[in-house]
Amino acid sequence: MDNETLKARILEIAPDAQQEENKQFLTLLLPAARLHDLAIKLKNSPDLAFDFLFCLSGVDYIKQLAVVYHLRSTQHKHALVIKVKTDDRVNPNFDTVCDVWRTAEFHERETYDMFGIRFNNHPDLRRIFLEEDWKGYPLRKDYIDEVNIVEF
Amino acid sequence: MKEIINLPVSNIEEEEYHINMGPQHPSTHGVLRLLVSLQGEIVKSLKPHCGYIHRGIEKMCEKDTYPQVIHLTDRIDYLSAHINNHAVCLLVEKALEVEVPERVKYIRTIMDELARIQSHQLWWSSFGMDLGGLTCFFYGLRDREMILDIWEETTGSRFLQSYNCPGGVMQDIHPNFQKKVHAFLKTFKKKIKDYDRILSGNVIFENRSQGVGVLSKEDAISYGVTGPSGRGSGWSCDVRKTEPYSMYGQVQFNEVLRYECDTYSRYMVRMQEMHESMNIIEQLIDNIPEGDHSAKMKAVIKLPAGEYFQRVESARGELGLYVVSDGNKTPYRMKFRTPSFSNLSVLDHISRGMKIADLVAIGASLDLVIPDIDR
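So the protein sequences, as listed, match chains V and L. The working numbering numbers the first residue of the first sequence as 1 and each following residue consecutively. The working numbering numbers the first residue of the second sequence as 1 and each following residue consecutively.
It should be emphasised that the hints constitute simulated quantities derived from the structure, not laboratory data. Predicted, not measured: the structure shown is a model, and the values here were computed from it. By construction, the Cβ of each residue, glycine as well, lies at the ideal position given by its N, Cα and C atoms. Be aware that one or more of the hints could be misleading.
[Said to hold, decoys possible] Subject to a maximum C-alpha distance of 30 Å in a straight line, what follows is the list of computed BS3-like cross-link-like pairs (lysine-lysine):
1. V:K83 to L:K241
2. L:K329 to V:K85
3. L:K355 to V:K7
4. L:K59 to V:K85
5. V:K83 to L:K355
6. L:K241 to V:K7
7. V:K83 to L:K180
8. V:K141 to L:K329
9. V:K83 to L:K217
10. L:K217 to V:K77
11. V:K23 to L:K355
12. V:K43 to L:K298
13. L:K47 to L:K355
14. L:K180 to V:K23
15. L:K355 to L:K94
16. V:K83 to L:K329
17. L:K180 to L:K217
18. L:K355 to V:K77
19. V:K43 to V:K77
20. L:K63 to V:K83
21. L:K217 to V:K43
22. V:K77 to V:K135
23. V:K77 to V:K23
24. L:K94 to V:K85
25. V:K63 to L:K329
26. V:K135 to L:K59
27. V:K141 to L:K355
28. L:K217 to V:K141
29. L:K241 to V:K23
30. L:K59 to V:K41
31. V:K23 to L:K47
32. L:K241 to V:K63
[Claimed, not checked] Label-pair restraints from in silico Cβ distances:
33. L:V214 to V:L11: 37 to 43 Å
34. V:E4 to L:T135: 36 to 42 Å
35. L:E255 to V:N91: 42 to 48 Å
36. V:R127 to L:P26: 39 to 45 Å
37. L:G40 to V:Q18: 22 to 28 Å
38. V:R126 to L:G353: 23 to 29 Å
39. L:E102 to V:Q18: 39 to 45 Å
40. V:Y143 to L:K189: 50 to 56 Å
Input sequences plus hints: build the corresponding full structure.
Shown next as structure tokens:
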């Protein structure tokens, strides 16, 4: 499926998705509430069949925190990027997708560890790299660590 | 004495108990801790605990320029150092729309394949050692030495080469390069038959690996298990085929697929991949075109604002590089989607119900490199 058809097809399922500019992949910004619902449909519709989540990353845009999902279909070979954003920096949370793509379980733990983004209904949401008593979330842009980070 | 004899032994057998495998354990190949729940010697579940060598490379990248980032990528998966460098260079060149000279593409592809062979050699060595065959370790390391010597001559370094740079490679190949690669291919083609003689057809080895740690194709895709481990489950996931880069679109090679889905299957994929890699090198080594070893690049590299993604096939699987740029000379956000991280996540799923000794074989067949997990 080429990007135009793909976009039209996804807008059928999620009419409130907005396209973001990206040369490489079709990128859609989605309201956080629709994420889990769309994820199930993306994976289970035979004509979409996005079965491979090949990257899940958190991004701190300072005003907003975002999670970016890179998806690919091993059958149809098309790719898609889904983004969700939130303004809430104190208690940011999204629904988990690890019941849809199992690989998300570890990647979401990493995003929680580094950005403090919580994933609702995640089976085992703990820090993955840092110790349990670590204060703060290192990959946030406002993270300060005077001991370990040397500013030049 | 009588009381000791009458201890209810059977109850102990039925109870579930936990042991820590690692962080210092020879079969985890680095500092990884697996918290294993056992009943008798059957694995009920396991929880990997990572982070012992987490260095915060993604955070460091946000302070470094793109040429500096290349030196950090060496340290992610040190056995695929060339391939990791290659990923950053491809991403920068794609973003700046730089066309690199043909010579560079040849050199990079040959180096990548040498890296793949030496990585698989070390994997084979340690696989044998994990299962109790110490001979493998000496054989594998002996042959790997030849590749390290080739690298030392051309790149100046044996292990962490940082040989690629945006636009090309750091310096031209050494005059002896082609001769030495030919010598290596000739030697290793004979030696790899020994590898098969020692392990592949060995009854003890087959009994310990066949039917152990079965991973279905659906699970491989869902858990994102790429590389030889994914191809051992019959999933065609080779980035060199699906999204060819450098010279991979123009050389003839087969994507190795096996359908038994077990540890033996993953083992055989890697063994055959070494043959395929040698095949690729043979097609390129005598045809390296003359020309510059690098394209002209600006002194300060700034990527236009936007988002970029680059995938390459490292020795362990699909390495994804996601960069958000705000137009500065340092990346705003750099994320490494490393193959070992995803491959580790499936370990719990495929080792349930297996014996603890099988866990060692399964772990070895996934070919985990710990810095690649922790970053």
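Now the hints, each set against the structure:
1. V:K83 to L:K241: 28 Å, holds
2. L:K329 to V:K85: 26 Å, holds
3. L:K355 to V:K7: 48 Å, violated
4. L:K59 to V:K85: 21 Å, holds
5. V:K83 to L:K355: At roughly 42 Å apart (the allowed maximum being 30 Å), K355 of chain L and K83 of chain V break the hint.
6. L:K241 to V:K7: 26 Å, holds
7. V:K83 to L:K180: Violated, because 49 Å separates the two Cα atoms, which is more than 30 Å.
8. V:K141 to L:K329: 17 Å, holds
9. V:K83 to L:K217: OK: K83 of chain V and K217 of chain L at ~27 Å, within 30 Å.
10. L:K217 to V:K77: Given pair K217 of chain L, K77 of chain V holds - Cα atoms ~16 Å apart, limit 30 Å.
11. V:K23 to L:K355: The hint is violated at about 49 Å.
12. V:K43 to L:K298: 43 Å, violated
13. L:K47 to L:K355: Holds - the C-alpha atoms of K355 of chain L and K47 of chain L are around 16 Å apart, at most 30 Å.
14. L:K180 to V:K23: With a Cα-Cα distance of about 42 Å, the restraint between K180 of chain L and K23 of chain V is violated, given a limit of 30 Å.
15. L:K355 to L:K94: 48 Å, violated
16. V:K83 to L:K329: 25 Å, holds
17. L:K180 to L:K217: 40 Å, violated
18. L:K355 to V:K77: 38 Å, violated
19. V:K43 to V:K77: Satisfied, since the Cα-Cα distance of roughly 13 Å is no more than 30 Å.
20. L:K63 to V:K83: 25 Å, holds
21. L:K217 to V:K43: Holds. K217 of chain L to K43 of chain V sits at ~16 Å (cutoff 30 Å).
22. V:K77 to V:K135: 42 Å, violated
23. V:K77 to V:K23: Roughly 17 Å between the alpha carbons, so the hint for K77 of chain V and K23 of chain V holds.
24. L:K94 to V:K85: 27 Å, holds
25. V:K63 to L:K329: Answer holds: K63 of chain V to K329 of chain L is near 22 Å, not above 30 Å.
26. V:K135 to L:K59: 16 Å, holds
27. V:K141 to L:K355: 45 Å, violated
28. L:K217 to V:K141: 39 Å, violated
29. L:K241 to V:K23: 22 Å, holds
30. L:K59 to V:K41: 34 Å, violated
31. V:K23 to L:K47: 39 Å, violated
32. L:K241 to V:K63: 40 Å, violated
33. L:V214 to V:L11: 37 to 43 Å: At 40 Å between Cβs, range holds.
34. V:E4 to L:T135: 36 to 42 Å: 59 Å, violated
35. L:E255 to V:N91: 42 to 48 Å: 46 Å, holds
36. V:R127 to L:P26: 39 to 45 Å: Check failed, 27 Å falls outside 39 to 45 Å.
37. L:G40 to V:Q18: 22 to 28 Å: Because 56 Å falls outside the window, the suggested range is violated.
38. V:R126 to L:G353: 23 to 29 Å: 25 Å, holds
39. L:E102 to V:Q18: 39 to 45 Å: Since the Cβ atoms of E102 of chain L and Q18 of chain V sit about 42 Å apart, the hinted range of 39 to 45 Å holds.
40. V:Y143 to L:K189: 50 to 56 Å: Given a distance of about 52 Å, which is inside 50 to 56 Å, the answer is holds.
Violated hints for the displayed structure, listed by number in ascending order: 3, 5, 7, 11, 12, 14, 15, 17, 18, 22, 27, 28, 30, 31, 32, 34, 36, 37.
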